[in-house]
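Starting from the given sequences, assemble the full structure and let the hints guide the process.
Sequence lines, in order, name chains A and B. Count along the first sequence from 1, add 8, and you get the number used in the numbering used here. Count along the second sequence from 1, add 8, and you get the number used in the numbering used here.
What the hints contain is simulated information worked out from the structure, not anything from laboratory work. Owing to the predicted nature of the structure, the values given are computational and were not obtained by experimental measurement. Careful, some of the hints might be misleading.
As the list makes no split between identical chains, a pair holds if one copy fits it or if it spans any two.
What the hints assert, rightly or not - Restricting the straight-line Cα-Cα distance to at most 30 angstroms, the calculated cross-link-like pairs of lysine-lysine (DSBU-like) are:
| hint | residue 1 | residue 2 |
| --- | --- | --- |
| 1 | Lys330 | Lys67 |
| 2 | Lys110 | Lys174 |
| 3 | Lys199 | Lys232 |
| 4 | Lys114 | Lys67 |
| 5 | Lys183 | Lys14 |
| 6 | Lys299 | Lys110 |
| 7 | Lys110 | Lys232 |
| 8 | Lys183 | Lys267 |
| 9 | Lys330 | Lys267 |
| 10 | Lys327 | Lys170 |
| 11 | Lys299 | Lys114 |
| 12 | Lys114 | Lys199 |
2 protein chains.
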Amino acid sequence: MAVTIKDIAEKVGVSVTTISRVLNNRGYISDNLKKRVQDAMEEMNYQPNEIARSLSRKKSNIIGLIIPDVSHPFFAELTKNIEYYAYSHGYKILLCNSLLNKRKEKEYFDLLKASRVDGIILGSHTMGVEEYRSIKLPIVTIDRQITDSIPCISSDNYEGGKLATKVLIDKKCRKIAYISGNLQLNLLATKRHDAFLEQVKANGVEYVVKQTHVNGFNLEDYRKLVHALFKEHPDVDGVFASSDIIAMEVVRECHRLGKSIPDQVRVVGYDGIEQGYFQNCEITTIEQPIKDMGELAVQYLIQQIAGEAPPMETILPIKLLKRGTA
Amino acid sequence: MAVTIKDIAEKVGVSVTTISRVLNNRGYISDNLKKRVQDAMEEMNYQPNEIARSLSRKKSNIIGLIIPDVSHPFFAELTKNIEYYAYSHGYKILLCNSLLNKRKEKEYFDLLKASRVDGIILGSHTMGVEEYRSIKLPIVTIDRQITDSIPCISSDNYEGGKLATKVLIDKKCRKIAYISGNLQLNLLATKRHDAFLEQVKANGVEYVVKQTHVNGFNLEDYRKLVHALFKEHPDVDGVFASSDIIAMEVVRECHRLGKSIPDQVRVVGYDGIEQGYFQNCEITTIEQPIKDMGELAVQYLIQQIAGEAPPMETILPIKLLKRGTA
Numbered sequence: 009m010a011v012t013i014k015d016i017a018e019k020v021g022v023s024v025t026t027i028s029r030v031l032n033n034r035g036y037i038s039d040n041l042k043k044r045v046q047d048a049m050e051e052m053n054y055q056p057n058e059i060a061r062s063l064s065r066k067k068s069n070i071i072g073l074i075i076p077d078v079s080h081p082f083f084a085e086l087t088k089n090i091e092y093y094a095y096s097h098g099y100k101i102l103l104c105n106s107l108l109n110k111r112k113e114k115e116y117f118d119l120l121k122a123s124r125v126d127g128i129i130l131g132s133h134t135m136g137v138e139e140y141r142s143i144k145l146p147i148v149t150i151d152r153q154i155t156d157s158i159p160c161i162s163s164d165n166y167e168g169g170k171l172a173t174k175v176l177i178d179k180k181c182r183k184i185a186y187i188s189g190n191l192q193l194n195l196l197a198t199k200r201h202d203a204f205l206e207q208v209k210a211n212g213v214e215y216v217v218k219q220t221h222v223n224g225f226n227l228e229d230y231r232k233l234v235h236a237l238f239k240e241h242p243d244v245d246g247v248f249a250s251s252d253i254i255a256m257e258v259v260r261e262c263h264r265l266g267k268s269i270p271d272q273v274r275v276v277g278y279d280g281i282e283q284g285y286f287q288n289c290e291i292t293t294i295e296q297p298i299k300d301m302g303e304l305a306v307q308y309l310i311q312q313i314a315g316e317a318p319p320m321e322t323i324l325p326i327k328l329l330k331r332g333t334a
Numbered sequence: 009m010a011v012t013i014k015d016i017a018e019k020v021g022v023s024v025t026t027i028s029r030v031l032n033n034r035g036y037i038s039d040n041l042k043k044r045v046q047d048a049m050e051e052m053n054y055q056p057n058e059i060a061r062s063l064s065r066k067k068s069n070i071i072g073l074i075i076p077d078v079s080h081p082f083f084a085e086l087t088k089n090i091e092y093y094a095y096s097h098g099y100k101i102l103l104c105n106s107l108l109n110k111r112k113e114k115e116y117f118d119l120l121k122a123s124r125v126d127g128i129i130l131g132s133h134t135m136g137v138e139e140y141r142s143i144k145l146p147i148v149t150i151d152r153q154i155t156d157s158i159p160c161i162s163s164d165n166y167e168g169g170k171l172a173t174k175v176l177i178d179k180k181c182r183k184i185a186y187i188s189g190n191l192q193l194n195l196l197a198t199k200r201h202d203a204f205l206e207q208v209k210a211n212g213v214e215y216v217v218k219q220t221h222v223n224g225f226n227l228e229d230y231r232k233l234v235h236a237l238f239k240e241h242p243d244v245d246g247v248f249a250s251s252d253i254i255a256m257e258v259v260r261e262c263h264r265l266g267k268s269i270p271d272q273v274r275v276v277g278y279d280g281i282e283q284g285y286f287q288n289c290e291i292t293t294i295e296q297p298i299k300d301m302g303e304l305a306v307q308y309l310i311q312q313i314a315g316e317a318p319p320m321e322t323i324l325p326i327k328l329l330k331r332g333t334a
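Below you can see the structure in the form of structure tokens.
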């Protein structure tokens, strides 16, 4: 049976409060008393750091959630699911939109530490690896692997990229574009790009890659990118967009240019957001298991908070939704 | 100059801590001391409640945000803007999705009080007026007027409903449907319905009203509602939908039924969400000033936290966006 702080208190003959003060170095404690407590802890084979931590750290039951932008439908649905599962486990969500701003992300980390959140779910990605290492809180990342000691949840980006590209190749597209956010951000989503390149090269299909600048994440950036794509490459007849909202921009631009879908341009999106189903013209897409990703992120974080070790790498399966645009 | 707690302490001849204990009724305090402190406070014309409150209440710099569902695009954009302005004022957002569940909303209120948030922005609406009255925290509501002592921010729902309906009447629609969430929820959005009724009746146009059941808020509910509308009333040639996502469902169903838009059915949405602009077929809609609503909600809450009195009723102007569906 695990030994409690009460056992140490009884052994030394002082109150639990006094032991707590020794462990947390609070108030006046004589050197003699300190030594007696330390001796007792060693003799009884305690893990004083663990005790000290649990004593000095009041549990807040708050989880910090850092994402780029809650108004992006993928993150809106992810946030909804994270909040749902966190709530069912008695946790609340402190919402932080980093807007891909490195300074804001850093400030939020400092704020979250000061607020004594119990852990952080991280779906944003602008800070460096060293900065993450220095954080002493439980973390779970989504779609970014920071180090092999921080649990990461993603869906199978490589397989998704492969399936999406193959749909376009199978339909005999002759020039295929890949459009995405910035590929330097080192997200696992770049594996979609890797799979895309392998497929078009292996099949000898002409291709073009378009990405936003590093902080580009909003509709305006995507709109400009899609506009530029068709201006520079009017012969593109297949587009793999790395999110459904980019795919919807492609559909919109094709409509504007009088290009019919899927006859003249085939489009495959990514994410499987609820609104993608809304379209007059429903987007063919790769569906990520957003609900499961949210549930596992909460579960793995709570496991860490409880001192358990969740799996370090979780890759969930994706699904091709064949609909109207490809 | 304002008198501080230190002045009372000096006057009575005790420590600031002791005064604080008297004010907060903590620990043992003799009746004699209590009386001396009270006498001093009266003599020096203090506001002991204010002092007690600021002493006993540690500022958390956290604002609770209760909304029905962050994955609903209107609330996703509102949440993004609220988080943005809160952050710029040094506040963090604790996100609560009530999912229109009365019990969950109540539990969140209790949780928020226990977490000592500095105030609450409320965009949900299932609890009763008496329950809100009992809350001692600063509150700002969005689109619901609870009592005349709680500041409320909305856009001009009546004018929006009038403009939307007039577009359909001006285009000679002969049977117009109004589709919305539940009208019993007592939201200010029901004014859109009031304006709709006035317009169709004044112009002698046939009409039909469809609303979800009380907890209906998700896509599935809307989809069923839209499906039922056209099944029961195949002659409807104009639809005023009280949100853009309902309007998009209408566009989708018309497409499925082979009804062309806007020739056979004209559709006007509400909200002006970013994705509404995405559509292959862009939704004609009433744009709410979501950014301003978010900014003012934060500003008025912070004013209350600082002891100031913001305006009790704020109605922001809306705008008709004439696009492809009406």
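List, from low to high, the hint numbers that the structure doesn't satisfy.
1, 2 and 5
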